[in-house]
Amino acid sequence: MTQLSVKNLHVRFPLREGSLQAVKDVSFSLKKGGSLGIVGESGSGKSVCVSTLLGLVPVPPATISGSAHFQGVDLYNCSDAALREIRGKRISMIFQDPMTSLNPHMRVVDQIAEPLRIHEGMSRKNARLRAVKAMEMVGIPDAASRAKSWPHEFSGGMRQRVMIAMAMISEPELLIADEPTTALDVTVQRQILELIHELQQNTGMSLIMISHDLAVVASVCEQIAVMQHGVMVEQGKTDEVFQNPRHPYTRGLLKCNPTLHEPGTRLTTLEEVLGEL
Amino acid sequence: MKKKTETYSLRRDAWRRLLRNPTAIGGLVLLGLMIVACVAGPWVSPYTFEEMDLLSANTGPSSTHWFGTDELGRDLLTRTLVGGRISFAVALAATLVSLVIGVTYGGISGFMGGRVDAWMMRIVDVLYALPFTLLVILLITVFERNLILLFVAIGAVEWLTMARIVRGQVMGLRHQEFIEACQVLGYSRARILFRHILPNILGTVIIYVTLTIPSVMLLEAFLSFLGLGVQPPMSSWGSLIKDGVGAMEDFPWQMSFPGAALFVTLLALNFLGDGLRDALDPRREGES
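Chains as they are written, first to last, in the working numbering: chain A, 1 to 277; chain Y, 1001 to 1288.
Incorrect hints may have been included.
Claimed, not checked - Derived DEER-like restraints, expressed as beta-carbon distance ranges:
(1) Asp25(A) to Arg1174(Y): 27 to 33 angstroms
(2) Lys24(A) to Leu1127(Y): 44 to 50 angstroms
(3) Asn77(A) to Leu1218(Y): 53 to 59 angstroms
(4) Tyr1128(Y) to Asn77(A): 38 to 44 angstroms
(5) Ser5(A) to Ala1190(Y): 54 to 60 angstroms
(6) Val1039(Y) to Arg124(A): 34 to 40 angstroms
(7) Leu1019(Y) to Cys78(A): 46 to 52 angstroms
Everything labelled a hint here was simulated from the structure, so no lab data went into it.
Every residue, glycine too, gets a C-beta built ideally from N, C-alpha and C.
Next comes chain A alone, as it looks inside the complex:
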């Protein structure tokens, strides 16, 4: 059953002279409980693509055409109130930089609890109890006593866990993760990916993960989509794309992945690979 379908999405930003087409004719769909990874270099339009889903791209100045339907709701043509009902409750999002995506003036427990207070009108006390449970769920040790901490008292990895707890607390049907591990070091990255994967398995929610790192996406997502210059150049099952990439750009990306098998060889750059073509 299709949960989210995006059709013929174009996004255009006006520049001082002319305009920039950030996303060109992108279509994709996601079934309930499915997971989709969108990869591409920076500037390829992958973030813009999903940001439009939650109304994060301001129109105007940008222009958006195409359609996006989430469980029958037209995301591009619904009222602010309807969009607020979906945001944070049915679709949640986590961001790249956990250092700046938490409010420094609010205790973590209250930030995690806030969606419940708003969307479900829960009392402060109950929401806080739920928030502590959510902190345990995302693997924050000693959650009950750390609940009262301020964001700056947490490490990057812990903050990303707080963000995840916040996004997950109202049990969304779809989680959008925009480069959730880019700002983290490799060991923490592993843990966060495992956490997201595990939460997805346990709750049956769908997942869209954006990354510039093929390995990150491959470890979590069943489906994969590759974007270049605003165009979705390849789309398919993760295994198939990896084993049998059809588009030269995808092949290029795969080739650029450094391996540990051939020490002493130079790393391939994308320009080299694409230049050969």
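Given the coordinates of chain A, work out where chain Y should sit on it, guided by the hints.
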């Protein structure tokens, strides 16, 4: 657990941090004493602020007149305390106006951005451009001269700068990721502005308030000097200092006592303001 969850609002936390700051507490106590003295003092005093005694005009500080007397033989201590009431009232009114109107207006303007912001700021520009003195003279000729009018006039100009400062700060915060995160979580605009953005600029706002209060007290003195503010025989710190300056060479106490009262109050306010700024920033926890 139940008990613990009750006790961690930002306000209570800030209060706890403030109590640990001796300078701020010193300022708070001093300010409290000044206010109590100004409010209660004139009742206790054996003199009234307008009672003249020409035989003891221009006498220096003594056991009967602690602060001495002025050229009409009025008790300077009583006049200073009564004048303090006016100065505090003006400061309070202007602060309230600039906080309520300035912060809300600037917050909305900066947060909405675009055309709304442009229009709201043009209105502020227009109000800025009106000559203040003319505005007050106009107000006073149209309506009767009274204290409320003085408050309105001062309040009307004091919120403008606050609105601009707050707008600038809000614009800086609006595109931070945590504000985007709030949008994505489906919070209403009002909630994002008042619960997430404004607490983050409280420090700046408080600093600006501590700067506003002295300037408002001086503004009141200026208006009184022009004959638009407090009228004799009523006194305010501004008018007392002005009168005292004229007699400074012969009777220096006539200027120094009201001046000292103003000085102590402003100093106390600055200490308190600094302490409040630190106390309201959770990132300063643990610093001394």
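Structure-based check of each hint:
no.	hint	result
1	Asp25(A) to Arg1174(Y): 27 to 33 angstroms	holds (31 angstroms)
2	Lys24(A) to Leu1127(Y): 44 to 50 angstroms	holds (47 angstroms)
3	Asn77(A) to Leu1218(Y): 53 to 59 angstroms	holds (56 angstroms)
4	Tyr1128(Y) to Asn77(A): 38 to 44 angstroms	holds (41 angstroms)
5	Ser5(A) to Ala1190(Y): 54 to 60 angstroms	violated (33 angstroms)
6	Val1039(Y) to Arg124(A): 34 to 40 angstroms	holds (37 angstroms)
7	Leu1019(Y) to Cys78(A): 46 to 52 angstroms	holds (50 angstroms)
Figure legend: structure checked against the earlier numbered hints; the only hint not met is number 5.
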